[in-house]
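Participant: Just so you know, the protein sequences line up as chains A and B, in that order. Using the working numbering, the first residue of the first sequence is number 1, and each one after it goes up by one. Using the working numbering, the first residue of the second sequence is number 531, and each one after it goes up by one.
Treat the hints as calculated values from the structure; they're not laboratory data. Computed from a predicted structure; not experimentally measured. Keep in mind that a hint or two might mislead.
To be verified - Calculated cross-link-like contacts (lysine-lysine; reagent style DSS-like; alpha-carbon spacing at most 30 Å):
#, chain 1, residue 1, chain 2, residue 2
1, B, 856, A, 439
2, A, 497, B, 789
3, A, 497, A, 439
4, A, 327, A, 439
5, A, 439, B, 789
6, A, 439, A, 412
7, A, 412, B, 789
8, A, 412, A, 497
9, A, 351, A, 439
10, A, 520, B, 789
To be verified - Not everything, but these chain A residues come out facing chain B in the computed CB check (under 10 Å):
#, residue
11, 77
12, 90
13, 94
14, 100
15, 190
16, 201
17, 204
18, 239
19, 244
20, 246
21, 472
Glycine included, C-beta positions come from ideal geometry on N, C-alpha and C.
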Amino acid sequence: MGMAVTGDLDLDLAAAPTTTSVPRRGRWVLPSVRNGAITPMALILGTGAFLRLWALDAVGFNSDEAVYAGQAASIAGDPALSSLFPIFRAHPLLFQTTLSLQFLGGVSDVGARVLSVGFGVATIVVVYLLGKALYSVKVGLVAAFFLAVMPYHVVVTRQVVLDGPQTFFAVLALYCLVRFCTGRATRWLYATAAVFGLSILTKEVAAILVIAVFVFFVLRREFRLGWLAPLISVAILLAVVAVYPLSLMFSGRKSTGSNYLMWQFFRRPNHSLWFYVETVPAAMGFAVLVLAIAGLWLLRRQGSWREWLLGCWVVVPLVFFEIWPTKGYQYLLPIAPIIAVLAARTVVRGKFPGLSALRPPLARATRIAVIFGVGISMAVPSWQSVNPTPAPTFLAGSGGVPGGRETGQWIKANLPEGSRILAVGPSMANIVQFYGHRKAFGLSVSPNARSRNPSYEPVDNPDRQLRSRDLQYIVWDVYSSARAPFFSEQLMRYVQKYGGVAVHTETITVNGQAGSAIPKPVIIVYEVRP
Amino acid sequence: MTRRSLIRVIAVILIVLAQPAGPAHADLSRATTTPIEHFVVLMQSNHSFDNYFGTYPGADGIPAGTCMPLRSDSSSTDGCVQPFRLDKESAHDLNNGPGMQRAQYNEGQMNGFVAAYRDKELDGTRAMGYYDGADLPYYWNIADRFTLFDRFFSSARTGSHRNHFYWVAGVPTPNGAEQVPPGGYGDIPTIFDRLEARGVSWKFYVENYDPHITLRTPGSGELAGQPARVPLLNYQRFVDNPALFGKIADLSEYYTDLKNGTLPAVAYVASAGSSENPPSRVQAGQELVRSIASDLAQSRYWSSSAFLWTYDGWGGWYDHVAPPNKDAFGYGFRVPALLVSAYSRRGQVNHTELDYTAILKFIESNWRLDPLGDRDARSPGLDSAFDFTVARPPELVGTTRVTAAPSGHAPAVVYLTYGAGALFAAACAFGVMYAGRPTRQRRRRSDEEQS
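Only chain A is shown next, with the shape it has when bound in the complex:
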């Protein structure tokens, strides 16, 4: 459509984009950032990168980060961590394998997080391309801006977790799919399948998004695919995904992944049904969410397959994870870019009644104000989240564990090699293992194989192991204690029973009632000698 992108955000540019950004059928068009979009995209990427890199090493790894980085270190052959973190645990290993290449030069927690940030920033670029392919350059730019400052995406992509890279590949697959839907070139369908495969190789739950696409094609019959193209696409998808079972098989393991899925399916729910309602909207930003939903209603007359595709992409995972017993803060990250695109569509293509036609400059200013208002409403909590106030509680997946890295480093420097440690739960045990290079067990891990995450190693008869000195140290932490008070009390009973002596206390500074800074012990290391 030859749309200018130099800040021209006129309301009346909301016409259907099919003649502009959609390539002619069969024509190969490289995804690109138009010249006029380069400067704003550079600013957006700079902002996104800044928020994701700022104070990246202020707090050490959380449990999941420790596990994924530990797996990567094992793949890289790190001599200390190889014996502590099995390569095969619960998920596929594409991200860990990529990270292991970086670890060949030495294991670094900050370096690992920078790789995650790289995927996060790359996702912003793909969201721009997606918005541009679906609607217009402006929608792409605004969507990229929203995602760049969205607290949910900022917080998760600062961590060494699989959801950030998985979301990158998933959104890239969605972009390829959109290119197929607009140009009908089957090559893009094959590309979709291949990139979807990479997304599943990063985290297997990306398969839910394949189902979302299937639902979309069922609902929108205008895409008559025949049988050959879908067959080839499925074959490509399966060929890529086959890497997961093949790597398990050739390594002599066949049931790691299925064990984990079965446990997740039959486990007791770890959160209530309201978990996502209570956490995710606030993490995404209420304003961007309202914009996205409002646009679906207000622009319903402009509706097309595009909104159906985005809707399926959002609804199917939402329903799935609401039903799935295991709920995690970061699990809904793949829908965050879609919310950004839908919100951008609303703000770019929506009309202000009585203003758009009569006072275009005022409408343009209002639109700009809305964009930056929504952006700021997300940027402020993002900034707060990257400059967190230490607190003795935290939500798993929402950031690092204050004091965990420091405790692990103390353990590495001060406790004998070969020491075995008992912690309240597996989370602190993972952190201690990664930073402390010492074997650690979680007391709360059930010895009953049906009741525990198969990735976790239980400690059989901890009382006997403490008595026989197979366990020499106990690590108590306030975070695990808040989640598992029973096991915290049991752990402290062992401390008393076996003459535990506190050899290290890790404190964080929290704000007291009067606003004064108070040091609060969060992790204590005890030596036990029966």
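Since the structure of chain A is already known, use the hints to place chain B on it.
Facilitator: Relative to chain A, chain B alone:
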């Protein structure tokens, strides 16, 4: 300089000079020649080297094809006994007297380990039993990480008294007798006399110690062997002198000394119930050794200490190395010996020919003491087992035997499979599209030509 300043300077000099100089001189005389400021030595009981480490990789262990004849005067292998793994079986209390040792040695032919028992109408096949890493995981793990000696011989051919006496005095018992003379060992000097004279601290820790059992009141039952295990209790001067006698203490004091920071420079340890003396369970001995080593590793003394343990005799078990004839009394058969220290060489199997007097030699060299006899004077000591260039961090060795690499070939599989998967996906996503371009361009040109 003013007069007041001069007075101040003189006053400071006088104060410095007035500081007691004694301890500084004493410290110098007690200073060690190595970083080892605390040496702990434990004596266990009655196992040969091949019985414990005969199948340890890299050690001079049981030769392939070994089959011990039933009669030592026969070269026939019919009915011979091959070495076999004892597994969880308790060690048998084999005859290990002088006659048995001579018959097993068989003038250096080392072929009488079964026949010696047969001649006494005993089965004898048990002598060929051995333990391996599955049975002795802690000891084998220690050998992996620290130093194992495979040419460490018992000093005397037989006899608990004789070997323990070499351990403390470096010389044979009076007349080489296994029995203690009526008045005790008299004035034969021990390493503790040397240490005492030099002002170097020492202690003799005894498991299940009963201070009433000495050469004068031998005791009975299980503790009757206490004076044999603690030769100092067969010295009148150590029993009668409260200052010396007070340095013989129960083993529990070892742990409190570690905790309180009062570990002496030289600590001998004699075990009782955990001595592994057959038919005692070898696991009990492992627990004792582990307890001593682990507490040392967790203490402030790790970087300035060394711990060595060995065995007071072969116990009647098979060992394939003929002991050298050093003098009229020994050597006896090889016994296990292991060294744990921040300075011991990792995973070294040390082939230096040693006996108990190597322990004395190390103490004498380290604290600048005179030798006690010819053996310790000529012993090469333990120097070859140490590397004093760098102190290793403390390590708690586990009781689970892990020998295989944890990852195996898994990393290679992961790189190959995921690398192939990523390349395939990239080829599908981009390569296929590029491959279609020439075809499309040709088709477009063809269309243009036709039009």
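Participant: Compare the structure with each hint and give your call.
Facilitator: Hints and how they fare:
1. B:856 x A:439: Distance ~48 Å between residue 856 (chain B) and residue 439 (chain A) Cα, so the pair is violated.
2. A:497 x B:789: 18 Å, holds
3. A:497 x A:439: Holds. Residue 497 (chain A) to residue 439 (chain A) sits at ~22 Å (cutoff 30 Å).
4. A:327 x A:439: Holds, because 28 Å separates the two Cα atoms, which is no more than 30 Å.
5. A:439 x B:789: Given that 30 Å is the threshold and the Cα spacing comes to 24 Å, the pair holds.
6. A:439 x A:412: 11 Å, holds
7. A:412 x B:789: 21 Å, holds
8. A:412 x A:497: 26 Å, holds
9. A:351 x A:439: At roughly 61 Å apart (the allowed maximum being 30 Å), residue 439 (chain A) and residue 351 (chain A) break the hint.
10. A:520 x B:789: 29 Å, holds
11. 77: Holds. Min distance 6 Å.
12. 90: 15 Å, violated
13. 94: 6 Å, holds
14. 100: At about 8 Å, which falls below the 10 Å cut-off, the nearest Cβ of chain B leaves the hint on residue 100 (chain A) intact, so it holds.
15. 190: 5 Å, holds
16. 201: 6 Å, holds
17. 204: For residue 204 (chain A), the interface hint is violated, since the closest Cβ of chain B sits about 14 Å away, which is over 10 Å.
18. 239: 6 Å, holds
19. 244: Result: holds, 8 Å to nearest chain B Cβ.
20. 246: With Cβ-Cβ at 5 Å, under 10 Å, it holds.
21. 472: 6 Å, holds
In this structure, the hints that do not hold are numbers 1, 9, 12 and 17, in rising order.
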